[in-house]
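Asker: Below, each chain spelled out in residue letters.
Number of protein chains: 2
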Amino acid sequence: MGAAVEAQREQIGLKDLDEAGVERLIESITQQVMLRLDGGANGNHGRSPGSDPDRVHPMIAAGADRVASTLGIAPPEGRLAGLIDHTLLKPEASHDEIAQLCSEARKYGFASVCVNPSNVRLCAQLLKGSDVAICTVVGFPLGATPTDVKVFEAQQAIREGATEIDMVINVGAVKSREYELVRQDIASVATACHAANSILKVILEAALLTDEEKVIACQLAKVAGADFVKTSTGFGPGGATAEDVALMRRVVGPDIGVKAAGGIRTTEDARRMIAAGASRIGASASVKIVGGAEAKERSYGR
Amino acid sequence: MGAAVEAQREQIGLKDLDEAGVERLIESITQQVMLRLDGGANGNHGRSPGSDPDRVHPMIAAGADRVASTLGIAPPEGRLAGLIDHTLLKPEASHDEIAQLCSEARKYGFASVCVNPSNVRLCAQLLKGSDVAICTVVGFPLGATPTDVKVFEAQQAIREGATEIDMVINVGAVKSREYELVRQDIASVATACHAANSILKVILEAALLTDEEKVIACQLAKVAGADFVKTSTGFGPGGATAEDVALMRRVVGPDIGVKAAGGIRTTEDARRMIAAGASRIGASASVKIVGGAEAKERSYGR
Chain A
1 MGAAVEAQRE QIGLKDLDEA GVERLIESIT QQVMLRLDGG ANGNHGRSPG
51 SDPDRVHPMI AAGADRVAST LGIAPPEGRL AGLIDHTLLK PEASHDEIAQ
101 LCSEARKYGF ASVCVNPSNV RLCAQLLKGS DVAICTVVGF PLGATPTDVK
151 VFEAQQAIRE GATEIDMVIN VGAVKSREYE LVRQDIASVA TACHAANSIL
201 KVILEAALLT DEEKVIACQL AKVAGADFVK TSTGFGPGGA TAEDVALMRR
251 VVGPDIGVKA AGGIRTTEDA RRMIAAGASR IGASASVKIV GGAEAKERSY
301 GR
Chain B
1 MGAAVEAQRE QIGLKDLDEA GVERLIESIT QQVMLRLDGG ANGNHGRSPG
51 SDPDRVHPMI AAGADRVAST LGIAPPEGRL AGLIDHTLLK PEASHDEIAQ
101 LCSEARKYGF ASVCVNPSNV RLCAQLLKGS DVAICTVVGF PLGATPTDVK
151 VFEAQQAIRE GATEIDMVIN VGAVKSREYE LVRQDIASVA TACHAANSIL
201 KVILEAALLT DEEKVIACQL AKVAGADFVK TSTGFGPGGA TAEDVALMRR
251 VVGPDIGVKA AGGIRTTEDA RRMIAAGASR IGASASVKIV GGAEAKERSY
301 GR
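Residue numbers (this note's numbering), protein chains in the order written: chain A, 1 to 302; chain B, 1 to 302.
Which copy? The list can't say, so a pair holds if one copy fits it or any two copies do.
Cross-link-like lysine to any residue pairs, in silico, SDA-like; alpha carbons within 20 Å at most: (1) Lys175 with Glu97; (2) Lys175 with Ala99; (3) Lys175 with Gln31; (4) Lys175 with His95; (5) Lys90 with Gly238; (6) Lys90 with Pro141; (7) Lys90 with Leu181; (8) Lys90 with Phe235; (9) Lys90 with Glu178; (10) Lys90 with Pro237; (11) Lys107 with Arg79; (12) Lys128 with Thr163; (13) Lys90 with Arg177; (14) Lys128 with Glu104; (15) Lys90 with Thr147; (16) Lys175 with Thr147.
I should point out that these hints are in silico values taken from the structure, not numbers from a laboratory.
All chains, full assembly: derive it from the sequences and hints.
Answerer: In structure tokens, the structure reads:
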């Protein structure tokens with residue numbers, strides 16, 4: 001009982017405030033975070049040259065769908081596939097299962113396959129000549145590896161064929177309020193990605209964070225040059241929620257992406273996330289998700 | 001119902017055979033594995049010079065307790081602490097929690113603290129001058145990073161103060177029967193560890209494997225020069241079982257260690273694992289485990 005009340009108290013945050021209250025709170029948290037970073041709010045923490053939105057934006061928003069959905073506009077029916085990272089991250093995935101993932105991604109036109117780093121090389125072979133990007137994960141799923149290791153892991157994955165890196169933040173450092181460490185961790189991987197024409201998505205593992213920490217983590221990802229913030233690993237205690245997506249979109253603004261991942265199993269789940277502000281969806285049930293959309297289109301349109 | 005029957009059928013393995021049958025099956029699996037490795041059974045797959053048991057054994061078996069328990073003999077009451085890796089691997093662990101872990105490890109005389117790589121440096125500072133080793137995890141918990149990344153991660157952790165590396169095998173490669181890849185993955189990290197006077201424990205994530213795959217993984221770890229095999233990450237679908245520990249001990253023999261980890265919460269759990277052949281225990285409830293032992297000793301002995 002005590003623990004439940006405690007948990008509920010932890011949950012009391014942005015949701016209990018009105019619009020203006022949320023804005024004020026986000027602004028106040030942002031100011032506090034900036035002051036805690038070395039160099040203060042006007043220090044050297046703008047987006048690095050490599051992450052100039054003008055340079056990155058065409059890359060992350062290839063195609064009108066992604067631009068539209070970055071602004072919270074749902075894409076037309078049937079275009080959903082182009083927003084989905086078709087995901088298979090279970091450690092026991094065999095080569096046959098990875099091959100099936102790649103074949104489905106080609107067939108349905110998913111944005112990418114999202115696989116563990118040890119499968120990047122195989123996917124690069126299998127997806128040669130296709131438009132499907134290779135997305136992989138770094139410091140995954142715990143985020144608790146040192147920055148040098150995350151950078152090395154990202155660079156190696158990019159060498160092997162990945163162009164999208166989903167890294168997990170150092171959650172323990174967020175909890176310890178070591179914001180400069182968190183920012184540097186992200187910025188180092190962002191620099192490595194951008195130097196190799198790849199994009200960086202920063203996974204918050206929102207289910208482990210308070211609302212205040214979610215806001216802080218989004219701000220840190222933004223100043224560190226992330227191209228996307230992402231809700232969840234799919235291995236944590238909770239997945240994507242529309243509330244978290246809306247909050248994250250609100251904090252990062254329209255210029256960087258929001259990826260919803262973790263527990264998205266139906267077309268309706270996916271559309272709810274996009275309506276809340278997601279510009280990318282991570283899912284392993286992607287075929288079912290787009291199959292649902294196509295079936296719906298057929299029955300409605302004919 | 002179909003799935004349950006399927007699962008049950010999957011479980012039918014070594015447990016349903018008599019003693020001689022188990023021995024024959026292990027021998028047959030071993031032969032098959034050796035033949036699949038490049039170079040065959042008599043190739044260059046003995047333990048590397050760095051993993052010479054004569055050199056490593058005094059290190060992994062520092063103290064009579066560990067020697068005894070390597071042979072399946074339970075240590076005397078109260079000496080349990082020296083067999084325990086006091087573990088805190090949750091990603092949200094704050095610096096304060098890591099500091100408490102180190103302080104408890106000093107107080108109770110645990111073998112090591114087992115932490116995520118990003119906390120190794122802090123533990124090295126906090127445990128200076130103590131006998132508590134620093135154990136960390138590599139390719140954790142999915143095991144699905146390329147070999148180069150695992151080696152880099154291990155080397156960096158050792159530079160920062162770790163002397164024990166718990167790496168996760170490439171589970172997907174086991175499932176795909178790519179045994180030479182699995183062996184090389186382990187051997188590369190073993191070489192890096194031994195070159196720096198550190199030991200390597202190889203995590204099978206037994207809950208993801210069939211009994212046959214557990215035998216294969218143990219054989220591969222042994223020929224690759226591992227100092228321990230370890231049951232589980234604690235993040236998978238199941239933890240340590242006495243059956244798995246007994247099977248693993250049987251396959252690796254008396255000369256290398258077996259670490260039971262995942263879901264070990266009581267003194268009885270720990271003693272059951274040791275009786276089954278475990279020479280090291282990984283637990284986050286370590287204080288409770290040894291507290292229980294001490295309390296029992298008091299009530300029995302006085």
